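Chains as they are written, first to last, in the working numbering: chain C, 1 to 335; chain F, 1 to 335.
Check the hints yourself; a few may be wrong.
A pair counts as met if it fits within one copy or between any two copies, since identical chains are not told apart.
Straight-line C-alpha distance at most 27 Å; calculated DSS-like pairs for lysine-lysine [unchecked claim]:
| hint | residue 1 | residue 2 |
| --- | --- | --- |
| 1 | 210 | 42 |
| 2 | 114 | 242 |
| 3 | 22 | 11 |
| 4 | 272 | 231 |
| 5 | 231 | 186 |
| 6 | 205 | 215 |
| 7 | 114 | 22 |
| 8 | 215 | 242 |
| 9 | 231 | 22 |
| 10 | 114 | 215 |
| 11 | 186 | 15 |
| 12 | 272 | 15 |
| 13 | 149 | 242 |
| 14 | 242 | 231 |
| 15 | 15 | 149 |
| 16 | 272 | 22 |
| 17 | 22 | 42 |
| 18 | 272 | 42 |
| 19 | 215 | 186 |
| 20 | 114 | 231 |
| 21 | 231 | 149 |
In short, the hints are calculated from the structure, not lab data.
Just so you know, these numbers come straight off a predicted model, no measurement behind them.
Protein chains: 2
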Amino acid sequence: MAILAAVDALKAQGKRPAYNLKIFFEGEEEAGSPNLAALLAKHRDTLRSDGWVIFDGPTHPSGAPLVSLGVRGDVNVEVTVHGPVRPLHSGHYGNWVPNPAMVLSQLLVSMKDKDGRVTVAGFDDDVVPLTEAERQTIRAVPAADAQLKSELGLGWTEGSGMSLLDAIPEPSLNINGIRSADVGEKARNVIPTSATATLDLRLVKGNDSKRQVAKLIRHIQAQGFHVIDGKPTMEERRRYPKIATVNASPGYNAERTSLDDPLARGVATALKPFSAIVLPSTGGSLPLYIFRERLGAPTVTVSLANHDNNQHAEDENLHLGNLWRAIAVAAAVMR
Amino acid sequence: MAILAAVDALKAQGKRPAYNLKIFFEGEEEAGSPNLAALLAKHRDTLRSDGWVIFDGPTHPSGAPLVSLGVRGDVNVEVTVHGPVRPLHSGHYGNWVPNPAMVLSQLLVSMKDKDGRVTVAGFDDDVVPLTEAERQTIRAVPAADAQLKSELGLGWTEGSGMSLLDAIPEPSLNINGIRSADVGEKARNVIPTSATATLDLRLVKGNDSKRQVAKLIRHIQAQGFHVIDGKPTMEERRRYPKIATVNASPGYNAERTSLDDPLARGVATALKPFSAIVLPSTGGSLPLYIFRERLGAPTVTVSLANHDNNQHAEDENLHLGNLWRAIAVAAAVMR
Numbered sequence: 001m002a003i004l005a006a007v008d009a010l011k012a013q014g015k016r017p018a019y020n021l022k023i024f025f026e027g028e029e030e031a032g033s034p035n036l037a038a039l040l041a042k043h044r045d046t047l048r049s050d051g052w053v054i055f056d057g058p059t060h061p062s063g064a065p066l067v068s069l070g071v072r073g074d075v076n077v078e079v080t081v082h083g084p085v086r087p088l089h090s091g092h093y094g095n096w097v098p099n100p101a102m103v104l105s106q107l108l109v110s111m112k113d114k115d116g117r118v119t120v121a122g123f124d125d126d127v128v129p130l131t132e133a134e135r136q137t138i139r140a141v142p143a144a145d146a147q148l149k150s151e152l153g154l155g156w157t158e159g160s161g162m163s164l165l166d167a168i169p170e171p172s173l174n175i176n177g178i179r180s181a182d183v184g185e186k187a188r189n190v191i192p193t194s195a196t197a198t199l200d201l202r203l204v205k206g207n208d209s210k211r212q213v214a215k216l217i218r219h220i221q222a223q224g225f226h227v228i229d230g231k232p233t234m235e236e237r238r239r240y241p242k243i244a245t246v247n248a249s250p251g252y253n254a255e256r257t258s259l260d261d262p263l264a265r266g267v268a269t270a271l272k273p274f275s276a277i278v279l280p281s282t283g284g285s286l287p288l289y290i291f292r293e294r295l296g297a298p299t300v301t302v303s304l305a306n307h308d309n310n311q312h313a314e315d316e317n318l319h320l321g322n323l324w325r326a327i328a329v330a331a332a333v334m335r
Numbered sequence: 001m002a003i004l005a006a007v008d009a010l011k012a013q014g015k016r017p018a019y020n021l022k023i024f025f026e027g028e029e030e031a032g033s034p035n036l037a038a039l040l041a042k043h044r045d046t047l048r049s050d051g052w053v054i055f056d057g058p059t060h061p062s063g064a065p066l067v068s069l070g071v072r073g074d075v076n077v078e079v080t081v082h083g084p085v086r087p088l089h090s091g092h093y094g095n096w097v098p099n100p101a102m103v104l105s106q107l108l109v110s111m112k113d114k115d116g117r118v119t120v121a122g123f124d125d126d127v128v129p130l131t132e133a134e135r136q137t138i139r140a141v142p143a144a145d146a147q148l149k150s151e152l153g154l155g156w157t158e159g160s161g162m163s164l165l166d167a168i169p170e171p172s173l174n175i176n177g178i179r180s181a182d183v184g185e186k187a188r189n190v191i192p193t194s195a196t197a198t199l200d201l202r203l204v205k206g207n208d209s210k211r212q213v214a215k216l217i218r219h220i221q222a223q224g225f226h227v228i229d230g231k232p233t234m235e236e237r238r239r240y241p242k243i244a245t246v247n248a249s250p251g252y253n254a255e256r257t258s259l260d261d262p263l264a265r266g267v268a269t270a271l272k273p274f275s276a277i278v279l280p281s282t283g284g285s286l287p288l289y290i291f292r293e294r295l296g297a298p299t300v301t302v303s304l305a306n307h308d309n310n311q312h313a314e315d316e317n318l319h320l321g322n323l324w325r326a327i328a329v330a331a332a333v334m335r
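Turn these sequences into a full structure, and let the hints steer you where they fit.
In C-alpha cells:
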C-alpha cells in the first residue's frame, strides 16, 4: 500500500521517479515462495532490471529504517521422536516405558550448550567471514541490547553477553514449537506415543541449506537415533531404541549484496534524511538469491514496520506512523 | 453395568449374595474425586461397611483379572517456563533471546538420568519398603515384559532392564504432555513466549503428595529457577534469568491393604476360578485412602478391562469379552 501510495503522491506532485519502475508483489513469502523462481523465469524479459529494492521487515529498535544488503537463508526441520505404538496409562507403565517427550527433550538439549551456542558438529564450518568493511558497518550500528532486554523482560541472553548484532551473522538454530500430547486442562495421565519439535535453521553466506540439514541429521544419529523420513514400522520400533522421523522444508540460502554496489550506495544515500541504518544482513530471511539467479540483479531490503510488531505470531501489528513514513521512504527511494 | 447385571443374574437364579451389599458409583475419579470425601462423611451411616471391593483398571497382560491390595497415590504438576514477554521473529532474535522450549527441555532432562531413574533429591526417601510377603507375591506374578515390549514396539525400557513389576512399587515421574507454540502446519518461525509441561507423579506408601511436590520444587530451584505460582511481573522477568510457574493439583496418597486382611483373602479365594493374580499394589491411582479415613474400611481393587484399552487416551476401549467376564467376576465376589 505504501509503495502504491508513493507512486500516487509523486504523480499528484508532478514528479517523476529517477528510474523506470517495475513493481512486483509476492504473496507467498511466508509459505516459502514456492512459485517465485518459475514466475521470474517465465517473465524474465518483463522483469529485466538493474536492481531490486525489497520492502520487508521491522526497523532498528530505535525506530530508524534499516537498509539491509543481505538476508539469511532459511530451512525448517521437523523432528518427531517415537514412543510406544499406543498411548499408555502413566501409572501402569511409567518409569518403565520410555517417554518420547523426555527423549525429545534430551535430543534438543544436545543441540545447544547452556550458553545457547549450537553444538552440532561443523555448524559454522562453511561460513564466509564478513569483510572488514562489513564489520565496520555493524560496529557503527547503535547497540539496542539494553533496550531490548528491558522491553522483552529478559534476565539473560545467549552467547555469553554477545551483542544481538554479532549473533545475526552466525547460523542459528531455534525451536519454533514443541508438542507431545496435551498440557493444561486437556492433559491426561498418559505416556504419549510421540513428541515433535519444529526447528528453524537460519543460514548465512557460505552455508547451504541441504548441507546444514545433513549436519543436523548426523548430529541426531550421533545421539543414538535411527533416522527415518516416515512412520517407523513395528520391526523398526522393536529393533532401534531411539527412532526420529526428520523432514526438512525445501529451504534456501543466504544472499548478500556488496557494500560497494551502486544500488546499495544509492538507497543508503536516498534514505539518509530518515536516519536509515545500513546493515550487511538482516536477521530475517527472504529468497532473494532467486532474483540474482534468475534475473542477474542485486537486491537491497528496506525495513519499515515497527520493531515490536509481533512478527510471525499472534497480534501481529503495524503502527500507523510506520505506514505513513513508509510512503515517504518509498517515494524517496523512487526519486 | 457389570455390577448391576451381576445383581440381576443372581436374582434371576434365586441366589443371594453372601453379604449385605451396598453399591456405590463414583463418576468423578478422573477429575480427582473432589466431592468423594464430603460425600462419604455426609452418608457415613448409610455407607458403614466391613470392606469395599472396587472394580477399576486393566487386567494383567495375560488377560487374568488382578486383585490389587493397594493403589498408588497421584499428584499432577504443571510447569511453565517463561521466555520473552512477546513472541519474537526467530531470525531477528534467534541465538540471542533464550528460547523457553529449550530451557524447559533442559529442566525436564535434569529430572531423570539416561536410564529413566528420577534424579530429584530425596524422591524415594520416605518409601515404606514392601514386606517379605509382598515381595514374594510380586515374584509369583508371571512376567509379561517380553510380550509388552513386542506389542508396544519398544527397543528398550527404563531402569536398566528392571521388570515392569519392580518399577510399579517405586514413586514415578512422567511427562504427560509438553507444549510450546505450534508444530507441523501451524508452526511459525518464532521464539515462543512460554513452554509448559504437565507432569504426573505417582506415589507409593510412605510418600506424601505435598512433600513429593516440595521435593520437585526444590529440584527446579536447584536448577537455577525462580519458582512462582502465577504470572511473572516485568520486574521478575528482568531480574531472574530463569523463571518457572509451578502449580500442583490437590493430589492424594497411596493406600495399601494387608495381604492378611480377611477381605483380601476372601476376594482372592473367590476369584481363583478366574485365575486371578494378587498384587500388593496396582500401578494406577485411586483415592482409596478416603474410604479408610472416612469409613474405617479396607479396600480391594479388582481389575477387569482388557490391558490394551488405551486407558486415558484416544480410542479408549473395552472388549466385549471383558464385559461379559466382568459380570461373572462381580457375581463371584458377591457370592
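Against the structure, the hints come out as follows:
no.: 1; hint: 210 <-> 42; result: within (26 Å within a copy, 68 Å between copies)
no.: 2; hint: 114 <-> 242; result: both (24 Å within a copy, 12 Å between copies)
no.: 3; hint: 22 <-> 11; result: within (16 Å within a copy, 90 Å between copies)
no.: 4; hint: 272 <-> 231; result: neither (55 Å within a copy, 43 Å between copies)
no.: 5; hint: 231 <-> 186; result: both (25 Å within a copy, 20 Å between copies)
no.: 6; hint: 205 <-> 215; result: within (16 Å within a copy, 48 Å between copies)
no.: 7; hint: 114 <-> 22; result: neither (48 Å within a copy, 59 Å between copies)
no.: 8; hint: 215 <-> 242; result: within (19 Å within a copy, 30 Å between copies)
no.: 9; hint: 231 <-> 22; result: neither (47 Å within a copy, 50 Å between copies)
no.: 10; hint: 114 <-> 215; result: both (20 Å within a copy, 24 Å between copies)
no.: 11; hint: 186 <-> 15; result: neither (61 Å within a copy, 45 Å between copies)
no.: 12; hint: 272 <-> 15; result: within (20 Å within a copy, 99 Å between copies)
no.: 13; hint: 149 <-> 242; result: between (38 Å within a copy, 14 Å between copies)
no.: 14; hint: 242 <-> 231; result: within (13 Å within a copy, 36 Å between copies)
no.: 15; hint: 15 <-> 149; result: neither (44 Å within a copy, 77 Å between copies)
no.: 16; hint: 272 <-> 22; result: within (24 Å within a copy, 87 Å between copies)
no.: 17; hint: 22 <-> 42; result: within (16 Å within a copy, 82 Å between copies)
no.: 18; hint: 272 <-> 42; result: neither (36 Å within a copy, 80 Å between copies)
no.: 19; hint: 215 <-> 186; result: between (36 Å within a copy, 25 Å between copies)
no.: 20; hint: 114 <-> 231; result: between (32 Å within a copy, 25 Å between copies)
no.: 21; hint: 231 <-> 149; result: between (42 Å within a copy, 18 Å between copies)
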